[in-house]
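As a plain string of letters, each chain reads:
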Amino acid sequence: MIRCKDVAKLVASDQFRSQRLMMRLEVRFHLWMCRYCSRWERQIRQLGSAARKLAGRTSVEHVGKPDDDLEARLLRRLSEKGKGK
Amino acid sequence: MRAAPWGPLIRLLQGSVLEPAIALICPDCRAPDKLSSEVSATVHFEEVIVSQATAMSSVSEMKAELLIRLRQREPEALATVVQDHAKPLYRAGRGLGFREEEAEDLVQDVFATFLETLDRFEGRSQVRTWLFGILHHKVMERRRDQYRDQQNDPIDEVFESRFDTSGNWMRPPQDLEQLLASQQIGEAIKHCLGTLPTTQREVFVLREIEECETGEICKILSISITNLSVLIHRARIRLRECIEARGWRKAG
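In order, the protein sequences belong to chains A and B.
Numbering-wise (numbering that gives the first Met the number 0), the first sequence opens with residue 0 and increments by one.
Numbering-wise (numbering that gives the first Met the number 0), the second sequence opens with residue 0 and increments by one.
One chain only, chain B, in its complex shape (with noise of 0.2 Å):
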């Protein structure tokens, strides 16, 4: 461990220093950031295997009203959930590596399904979660025959690597500050978006690009929160060794 200069220490009195006197003094208080919505993901979902589509139903957010009305198949309720709804699966699809035909084929067909399922949603969870878990299953059943999510993935080996014994680095990360602010940083995450499994690349538009909270993201996929922690680290850990070794590549 090497000590760095000003920067972090100007880090440490932003986020470490004042973040927990902030918490010691007024725990209702905290920074505006996650952290009181994934405190109370852990508590309540920890180790709970969320099981199907069915099950999303926690948070009272959808509006009857507009349930009956998209009951009885009124086009200006269908409308409002299209338009409030459309571009953000969309852009999923097209993160989750669909083509543009491809994408919309898929968003319409979300709809579709959603039109057809609409007698068994409860209208206890939000009509997001909803749709975005059958995205879910929509996805599998085009990548049925793509690589399955493993119990023993061998990125979790090159994360090993990284370390000794100790669990001191052994291979450090290389400085990607060049290529993480240049404009080639975007062809660079769309390739190696593309090398993920389709479960971790799920996750991480979830999180990262739609930034959703944990305890959706373990809805829309019925997954536990342990299994989401897994995922997403083997997601960035494979996106940033891909980033890594094109940066290698071009630097070379």
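Just chain A, with the same shape it has in the complex (with noise of 0.2 Å):
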């Protein structure tokens, strides 16, 4: 039977869903049955959502208003850039 540190150790390396049907439906049940493996699991899905959301909010605070002056500063840098060579 498959034990906890494997399950937490499949969870957080992202090896889950490259498991067989019946090691990934064991690792399913496992998780339904252990409240600890599945609040590792969750955790770790929440530790994605978040960043993805702190990146998100980074990008709208951090690239300058309006947004699209970052591409055309690069552009204007690369330009110069060139011209210099």
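Don't take every hint at face value.
[Unchecked claim] A short, non-exhaustive set of chain A residues, derived as facing chain B with CB atoms under 7 Å:
1. 12
2. 45
3. 49
4. 54
5. 71
[As the list claims (entries may be wrong)] Only pairs whose alpha carbons sit at most 20 Å apart, straight line, appear in this in silico SDA-like list of lysine to any residue:
6. B:86 with A:4
7. A:4 with B:225
8. B:189 with B:100
9. A:80 with B:104
10. A:4 with B:100
[To be verified] Chain A stretches covered by chain B per the calculated footprint, using a threshold of three residues with CB under 8 Å from any CB of chain B:
11. 2 to 11
12. 38 to 44
13. 72 to 78
Honestly, the hints are just simulated from the structure, not real lab data.
Here a beta-carbon is modelled for each residue, glycine too, at the ideal position from N, C-alpha and C.
With the hints as a guide, bring the two chains together.
Take a look at the structure:
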């Protein structure tokens, strides 16, 4: 029978989805039965979504307003660099 | 192990029963997740060490016409590439801990190198993969003196210490629901991302923020799929431990 440690590792290393069907079933069943592994799995997912939210906010806050300025600045600098050669 | 109430039962019905049932009835009708691509990535990249950036050429995506225009240094072609990729690269730079001006300089450097190496780019891999590969090299150049990823990362021991010799939880994960749902989580993630070694942080940013597939991350960072599994595992464990420590302090 699969152990909590194996489940925690499979979940955090992204290897769960590449397992065979029977193994995935076993992991799912374990996650259903075990409150700590299910908490662990949920937290790992939440870390990802919280990081995505943070990155979304970061790009709005720091890219500059209007947002398209970044691309314009980069193109200007690249063309200046090209002329300098 | 203790059984939890109804929430997990509903999840089981959604995930554990339906997904395998669909897979059994119709193997091609799998749930719309990353499963199929990850499995195929596993098959294709298992144990393969993808060497340098020049080896990034297995998927045909780049339009030949755009490539020709880029080689002719057409400003509109460059503008298209910058328009499509500047923000994701900048976001990754910020996610890797570079300040605003540093991140912008980094992205500018990436595009400059992209232009310089255009003749080596055969157009067989995606432009995004090529650009992120350059970003990776630039980041490693700038972080040369930093902690290098080790074979034996101390975080592995922290993970091991959570379990007894039978593999059962000895130090189970704390309940972080309140912290994870609160506004403070952004600040906590920002702080804790800073504690990650560069490559682990890159893997986390590419996987979770840019939502890159396994195969693409392996190409960008020139690592095997086994190595990627180790790195993402360490990144998440380290991040989770850091968040848990902060949550604990706040609760106390």
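Here's how the hints hold up against the structure:
1. 12: Result: holds, 4 Å to nearest chain B Cβ.
2. 45: Check passed: Cβ of residue 45 of chain A comes within 5 Å of chain B, closer than 7 Å.
3. 49: holds (5 Å)
4. 54: holds (5 Å)
5. 71: violated (9 Å)
6. B:86 with A:4: violated (39 Å)
7. A:4 with B:225: Holds, at roughly 18 Å.
8. B:189 with B:100: Roughly 18 Å between the alpha carbons, so the hint for residue 189 of chain B and residue 100 of chain B holds.
9. A:80 with B:104: Holds, at roughly 13 Å.
10. A:4 with B:100: Distance of about 43 Å is beyond 20 Å: violated.
11. 2 to 11: holds (count 7)
12. 38 to 44: holds (count 4)
13. 72 to 78: holds (count 6)
Checked against the numbered hints above, the structure violates hints 5, 6, 10; every other hint is satisfied.
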